[in-house]
Every structure is written in structure tokens, then in C-alpha cells.
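Chains as they are written, first to last, in this note's numbering: chain L, 1 to 98; chain X, 1 to 98; chain F, 1 to 98; chain A, 1 to 98.
Read the hints as simulated data drawn from the structure, not as lab findings. Predicted model only: the values in this text are computed from it and were never measured. Note that beta-carbon positions come from the ideal geometry of N, C-alpha and C, so glycine has one too. Among the clues, some could well be false.
Listed next, the in silico DSS-like pairs over lysine-lysine satisfying Cα-Cα at most 27 Å (straight line) [as the list claims (entries may be wrong)]:
| hint | chain 1 | residue 1 | chain 2 | residue 2 |
| --- | --- | --- | --- | --- |
| 1 | X | Lys88 | F | Lys96 |
| 2 | F | Lys96 | A | Lys96 |
| 3 | L | Lys96 | X | Lys6 |
| 4 | X | Lys88 | L | Lys6 |
| 5 | X | Lys88 | X | Lys6 |
| 6 | A | Lys6 | L | Lys88 |
| 7 | L | Lys88 | L | Lys6 |
| 8 | X | Lys96 | X | Lys6 |
| 9 | A | Lys6 | L | Lys96 |
| 10 | X | Lys88 | F | Lys6 |
| 11 | L | Lys6 | A | Lys96 |
| 12 | L | Lys88 | A | Lys96 |
| 13 | X | Lys96 | A | Lys6 |
| 14 | F | Lys96 | F | Lys6 |
| 15 | L | Lys96 | X | Lys96 |
| 16 | X | Lys6 | F | Lys88 |
| 17 | F | Lys88 | F | Lys6 |
| 18 | A | Lys96 | F | Lys6 |
| 19 | L | Lys96 | F | Lys6 |
| 20 | F | Lys88 | A | Lys96 |
| 21 | L | Lys88 | X | Lys6 |
| 22 | A | Lys96 | X | Lys88 |
| 23 | L | Lys96 | L | Lys6 |
| 24 | A | Lys88 | A | Lys6 |
| 25 | X | Lys88 | L | Lys96 |
| 26 | F | Lys96 | L | Lys96 |
| 27 | X | Lys96 | L | Lys88 |
| 28 | A | Lys6 | F | Lys96 |
| 29 | A | Lys96 | A | Lys6 |
| 30 | F | Lys6 | X | Lys96 |
One side only, chain X facing chain F, incomplete, derived with CB under 8 Å [what the hints assert, rightly or not]:
| hint | residue |
| --- | --- |
| 31 | Ile43 |
| 32 | Gly49 |
| 33 | Val79 |
Here chain A is said to cover these stretches of chain L; the calculated rule only asks that three of the stretch's residues, wherever they fall, bring their Cβ under 8 Å from a Cβ of chain A [stated by the list, open to error]:
| hint | segment |
| --- | --- |
| 34 | 42 to 50 |
| 35 | 68 to 79 |
There are 4 protein chains.
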Amino acid sequence: IWSELKPFRAPLILTILIELFGTLGYIFIDHFSLMDAIYQTGITFTTVGFGEIAPISPMGRLFTIFLIVAGFAVFSYAVGILVDVINKGRLLSLLKEN
Amino acid sequence: IWSELKPFRAPLILTILIELFGTLGYIFIDHFSLMDAIYQTGITFTTVGFGEIAPISPMGRLFTIFLIVAGFAVFSYAVGILVDVINKGRLLSLLKEN
Amino acid sequence: IWSELKPFRAPLILTILIELFGTLGYIFIDHFSLMDAIYQTGITFTTVGFGEIAPISPMGRLFTIFLIVAGFAVFSYAVGILVDVINKGRLLSLLKEN
Amino acid sequence: IWSELKPFRAPLILTILIELFGTLGYIFIDHFSLMDAIYQTGITFTTVGFGEIAPISPMGRLFTIFLIVAGFAVFSYAVGILVDVINKGRLLSLLKEN
Ligand SMILES: [K+]
Ligand SMILES: [K+]
Numbered sequence: 001i002w003s004e005l006k007p008f009r010a011p012l013i014l015t016i017l018i019e020l021f022g023t024l025g026y027i028f029i030d031h032f033s034l035m036d037a038i039y040q041t042g043i044t045f046t047t048v049g050f051g052e053i054a055p056i057s058p059m060g061r062l063f064t065i066f067l068i069v070a071g072f073a074v075f076s077y078a079v080g081i082l083v084d085v086i087n088k089g090r091l092l093s094l095l096k097e098n
Numbered sequence: 001i002w003s004e005l006k007p008f009r010a011p012l013i014l015t016i017l018i019e020l021f022g023t024l025g026y027i028f029i030d031h032f033s034l035m036d037a038i039y040q041t042g043i044t045f046t047t048v049g050f051g052e053i054a055p056i057s058p059m060g061r062l063f064t065i066f067l068i069v070a071g072f073a074v075f076s077y078a079v080g081i082l083v084d085v086i087n088k089g090r091l092l093s094l095l096k097e098n
Numbered sequence: 001i002w003s004e005l006k007p008f009r010a011p012l013i014l015t016i017l018i019e020l021f022g023t024l025g026y027i028f029i030d031h032f033s034l035m036d037a038i039y040q041t042g043i044t045f046t047t048v049g050f051g052e053i054a055p056i057s058p059m060g061r062l063f064t065i066f067l068i069v070a071g072f073a074v075f076s077y078a079v080g081i082l083v084d085v086i087n088k089g090r091l092l093s094l095l096k097e098n
Numbered sequence: 001i002w003s004e005l006k007p008f009r010a011p012l013i014l015t016i017l018i019e020l021f022g023t024l025g026y027i028f029i030d031h032f033s034l035m036d037a038i039y040q041t042g043i044t045f046t047t048v049g050f051g052e053i054a055p056i057s058p059m060g061r062l063f064t065i066f067l068i069v070a071g072f073a074v075f076s077y078a079v080g081i082l083v084d085v086i087n088k089g090r091l092l093s094l095l096k097e098n
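Here chain L stands alone, though its shape is the one from the complex (with noise of 0.2 Å):
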């Protein structure tokens, strides 16, 4: 099961260093605590958006958008990989039985 969890590495490490890149946006951008950080990165990369935590800058808007932008990415390559992973189990056993 550990080498059919290795292609997730990728999208796993992406999805932690937007978490992290977003937290420090909010916090350097408009002086957000770090707990309403995380959570108001966690709700927009993820597309959940509850809304704004606490109030955002035109400049923290910008961030905001670039951040779903990014998180949207990460979330279509992590969609992708998984999908390649179900169908290379089905195309390898296809292929041996024709």
C-alpha cells in the first residue's frame, strides 16, 4: 500500500506548503492571528469560503485570489494522479488478459 501512496507525495507537499505560504500572507498582509490565518487560508485554497475571518485588504484580495488559484491547481494534479493511479491497475490487467 506504501508504493500506491508515493504518486500522492507530491500534491501532499503542495497542498502543506500553499497552507503555509497563505498563513504567512494573511498574517504579514493584514496582520491576521495565526489560528484566523490557517483557518481563513484552509477555507479559500480549499474553495470552501465561510467568507472573510476578519477583514481583508485590496492587497489581501489579490493574495486571496491567487491563492485559490493555486490551490486549485494543486487540488485538478491531485484529481489527475489519483485518477492515473485507479486506471493503471485496470489498463495493466486489460493488457495482459488481450
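Starting from the known structure of chain L, fit chains X, F and A with the ligands onto it as the hints suggest.
Then chains X, F and A with the ligands, alone, in the frame of chain L:
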């Protein structure tokens, strides 16, 4: 049609487990009513994210992030399986023709 | 190009049916205006989730969860078909070359 | 790496066109400021959905639904292409081995 639905049993069970887990979490951590806890879980792990139905504590917000990530994983898994089921028919017919 | 769009007829019809069903639901359960019901359905089953446009009752909230799940199913189905359509061309050309 | 990024040119251009279209729409229909229009478009077509940054009229709400549907189509298309790009490498190597 029953055998085609079989691969969706796992994501369906996982979805119900997450809904249960989230409901219990909001009741114990932030003393939500049963109805509010069901609704908050439902709009959170599906990323609809209307907002916080009742006040959520810092502990509850960390729980919320966990719920979102778990929901994402199950959703990606379900999409992957769906793509796989659609592909299976396609691949079988293509390989037989060739 | 018409025959390539044909596989999308089913998800398109399902999307319109969900939009209709949701609109009727919000009108009957929570006495939404037609415009509010259309908007609430649209932002709910697509998981955009701006929030509750007008107050939603416990019954309406259960209906909302059902709407989200139905929307998810149709969206996953549409993505699966899209991936399938793109793959079909790829597979055909690869198998012919080999 | 450049040739691998080439299939993403179409969804990238479509995303920029939607962002432009949405921004112009909110400015003309509901007299949003440029910054608000950019932000409202960004959080809407990505389904993040923090909420209505400034009041949106019935006409603007119909426009919003159109924006969401267009965003969904482009996002599904991008995921489809990504899956295709990942699959291409896989298929090529599998068919060569067999
Ligand atoms: K929201
Ligand atoms: K949302």
C-alpha cells in the same frame, strides 16, 4: 446496473461516516444542536460553505479544516472511480475491436 | 462537433432538472420568491455557497443537503464524461499507431 | 516541459477571458468598483463564494449564475486535459512494453 454501482459503495460509506463524524464533532466541541451539526457538516465537507451556522471555537475550526480535507479526499476518490467505471467500458470495447 | 457534444446531453438535462427541482423546493418549503429560489438553487448545487439568500427552515436545510449531493453526483458524472471524450480520441489514435 | 504545458494554454486563456468578462459584467450591471468586480468574479467562478462583496441586483444574480456555469465548464475541461496529459505518458509506456 447493480454491478456497475458496486464500485461506489466505498465512497458512499465513507461519505456517511464523515457526515456522522462531523455531526458528532460539532455537537461535542461547540455544543451545536443535532440539526445545526448535520447542516454545518453537510455544507462544510461538500465545500458549499454558506458560513458558520453557529459560533465555532478555535478547536472547532481546526476540526473544520480536518473535515474539509477528509471530504476532499473522498470526493476525489469518488470522481476517480467514476472515471474508471466509464473508462472500463470504453477500453474493453476498443481493445476488442483492435 | 455536434456528435462530440452528444455525450453531454445527459448531464445538461440533469442539471436543468436539478435547477427546476431546487427552485420548486425553495418556493414550496420556505416560500422563496421565484428569483430568490432560482438564485439559491444555483449557488447551492454548484457549491458556490454565498449563503442563505432568505431564511431557510430545518426542513429546507435537509432539502438543501439533498440538493448538494444531487449536484455533486451530476458534476462528477459530467467530469467523468469529459475525461472519457478526451480519452477516446487519444486511445483511438494510440491503438491505431500500435 | 514547455510542450507538456501547451495543452493548458486553452483553459488558461478561457480563465482569463471569464475573469475579464465577469469584471466588466459586475461593473456595468451593478456599478462595482474595478477592485470589487475583479474580486467578486474571482471568488464566484472558482466557487469559493465568500458572498456578495457589494449588493447584486436580480439582473446581476442571473449574470452570476451564468458566470458560475462558465467557470464550471472551464474547470472540468482543465481537469480533463490534466488527466489526459498524465494518461498519455502512462499509455505510451504501457503499449510499448506490451
Ligand atoms: K461561501
Ligand atoms: K463555497
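Q. Looking back at the hints listed earlier, which ones does the structure fail to meet?
A. 9, 13, 18 and 19
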